[in-house]
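> These protein sequence lines are chains A and B, in that order.
Position 150, counted from 1, in the first sequence is what my numbering calls 150; the numbers after and before it change by one each time, with no gaps.
Position 162, counted from 1, in the second sequence is what my numbering calls 162; the numbers after and before it change by one each time, with no gaps.
Just so you know, these hints were derived from the structure itself, not from any lab.
Mixed in with the good hints there might be a few duds.
One-sided excerpt, in silico: chain B residues whose CB lies under 7 Å from chain A [what the hints assert, rightly or not]:
id, residue
1, G62
2, A67
3, I69
4, V92
5, T240
Using N, Cα and C, we set each Cβ at its ideal position, and we do this for glycine too.
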Amino acid sequence: MPDLAHRSAAPSVVSCERFTEAYRWMLLARVLEETMASLYRAGKITGGVFVGKGQEALSVSVGTALKKGDFFAPLIRDQAGRLAFGEPVIDTVRTYLGSRLGPMRGRDGNVHRGRPRTGQFPMISHLGAMISVVCGALMARRFRGETGAVGATCLGEGGTSTGAFHEAMNLAAIEKLPLVMVVANNQYAYSTPNDRQFACENLVDRAVGYGIAGYTVDGTDLKACLPLLEKAVASARSGGGPQLIVANLLRLAGHGEHDDAGYIDEALKRSPLGVDCLVKARETLLEEGWATPETIEQWRAEAVRQVEETVNTVQREPAPDPNAETWTALSTDRLIDGHMAR
Amino acid sequence: MITYLEAIREAQAKALADNPHVYIYGQDVGAFGGAFKATKNLAREFPGRVLDAPISEDAIIGSAIGAAIEGMRPIIEMQYADFSTVGFNQVVNHAATLFWRTEVPCPITIRLPSGGTSGSGPFHSQSMEGLYATYPGLIVMTPATVEDAYSMLLEAVNIDDPVIFCEHKYLYYHLKADCLPTEALPVGKARIARTGRDVTVVTYSAMLHECLAMAEELAAEKYEVEVVDLRSIKPLDTDTILASVARTGRLLVVGEAWPWGGVTAEVVARVAAEGFALLDAPPRRLNAKDTPIPYHPNLWGTHRPTAQTIARATRELLRL
Chain A
1 MPDLAHRSAA PSVVSCERFT EAYRWMLLAR VLEETMASLY RAGKITGGVF
51 VGKGQEALSV SVGTALKKGD FFAPLIRDQA GRLAFGEPVI DTVRTYLGSR
101 LGPMRGRDGN VHRGRPRTGQ FPMISHLGAM ISVVCGALMA RRFRGETGAV
151 GATCLGEGGT STGAFHEAMN LAAIEKLPLV MVVANNQYAY STPNDRQFAC
201 ENLVDRAVGY GIAGYTVDGT DLKACLPLLE KAVASARSGG GPQLIVANLL
251 RLAGHGEHDD AGYIDEALKR SPLGVDCLVK ARETLLEEGW ATPETIEQWR
301 AEAVRQVEET VNTVQREPAP DPNAETWTAL STDRLIDGHM AR
Chain B
1 MITYLEAIRE AQAKALADNP HVYIYGQDVG AFGGAFKATK NLAREFPGRV
51 LDAPISEDAI IGSAIGAAIE GMRPIIEMQY ADFSTVGFNQ VVNHAATLFW
101 RTEVPCPITI RLPSGGTSGS GPFHSQSMEG LYATYPGLIV MTPATVEDAY
151 SMLLEAVNID DPVIFCEHKY LYYHLKADCL PTEALPVGKA RIARTGRDVT
201 VVTYSAMLHE CLAMAEELAA EKYEVEVVDL RSIKPLDTDT ILASVARTGR
251 LLVVGEAWPW GGVTAEVVAR VAAEGFALLD APPRRLNAKD TPIPYHPNLW
301 GTHRPTAQTI ARATRELLRL
């Protein structure tokens, strides 16, 4: 049987510059999310905090492979990819702290943030829902005769169980859209382990079913993720149609900061899946001679300073004012039903 | 003569011709021309802009949202309103929330072939306008005339917010007009379809024609029934309703949807809250029965309100 999907393509040549840039985004994401988590524990953040610990190598590889003019619909564990794609740190902090000056202005919070006009699509909570939206944006470019844009979106393995995932992957395949679908197989969907989520041997086998390219990758290894995502994005950009990437890794945190993740199997934590991608990437930097421990420590200190300064700024910003809120969900003023507010 | 269905086809043709950002996406809408032929010949007349979609309502509507973000103005045909439940999430949680969350408008038009026809049964007959109207961020149109089907669909495509366009299948072939309108009431304004001084009957979509038939029947009994056609249920033109009730003192609201909540309950609630002193009798409402929609004509004809059952309810109200 031809092995259509299990292409774990590994042109493993990564430049020092690419690797270093990606590592620094990962580091900034880790520091930023640790800070959000501590603000949450201190009661400064309402709602929840959702971190991507253990998934930064995969996520950043998506963000750095994309370029301006592309679309990126991240999910909840994509702080690193968001930063690399161009989301400023202050957007994260403002949305978590509910600043009126943030992109969501207190109307939505935490990971539900973005700027659609610059290709940063703000997720809704319903898993799989963003895939078809990215497809539509790519269709729009095609309608206008513009080629060359790629749309990428991320999901966990649990999200692949939705009808929305299947519908959108099939649609993307029919339209041969330049879609890069990144599945972080982090072994648990909230608390549900993979053996209660899907029964196929490897999720990447589904690529064959859709008639699209599929790849697997070690999601703990930045050195593997970076070239694979570059390859997939390049392939999509050059007319190769949708690309499915399944990365194997382990979520190194709870579903959210409210969750102690006591359900995660200890053996998995000790397995290669449980390796912290940031630690592994640091080792690569040192082994390759791309950075010294002192340099890395300096990068961390810079990240900490940037995050602290941003938090200090945002904490002085105004909160949303219910009296200043328009309380209308429509852009067309003349169609607002005035009697609803009475 | 032009039918309600042809008016919908013509409105789409004009929208495609007027604006290069308009496209049509839905099941069988391409070369086949749609399950009801609402897109007949459009794929040929507008190459590459009228596309067949897979049977994937969620992805169809999701893709429309993404295209709208990128400046397109998609017209989505759901093959039947009933099937829009499969795409419900994208409509109510995504399209409807986008502008409020991001300040980026979501100009999509979702056409829902709605309502009952004889023999269509539980899954090809539903009236879902009330369900969609519950959600903030949506416009819900329910045209009852050929003229409104045309002008409101054109307006829907030009509105920067998501529009749920409930076109009634019962009216597709039977309802005819001499020509297409050149001007129209704006969306959001109800229309007095028949003037009268004894009772106000508020309705919309196919039920308008049952109510007009009933009004004619009661005219023979010397009752003057005023009939209000809502045209859009969100926004709901409460002022026109209240003004009519102020003239008649009596209110009956008729809808084809199910009785729990919905448009008729909303109208009664608004009149009770804002126009209680105008009423000479308790406001009444008449809806379909609280069961799935039956297949057999004998059952279906009794399940939904008809001119006869509306006449009975109106007479009772007039005697109060």
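> Quick check: which numbered hints come out false for this structure?
Violated hints (numbers, rising): 4, 5; every other hint is consistent with the structure.
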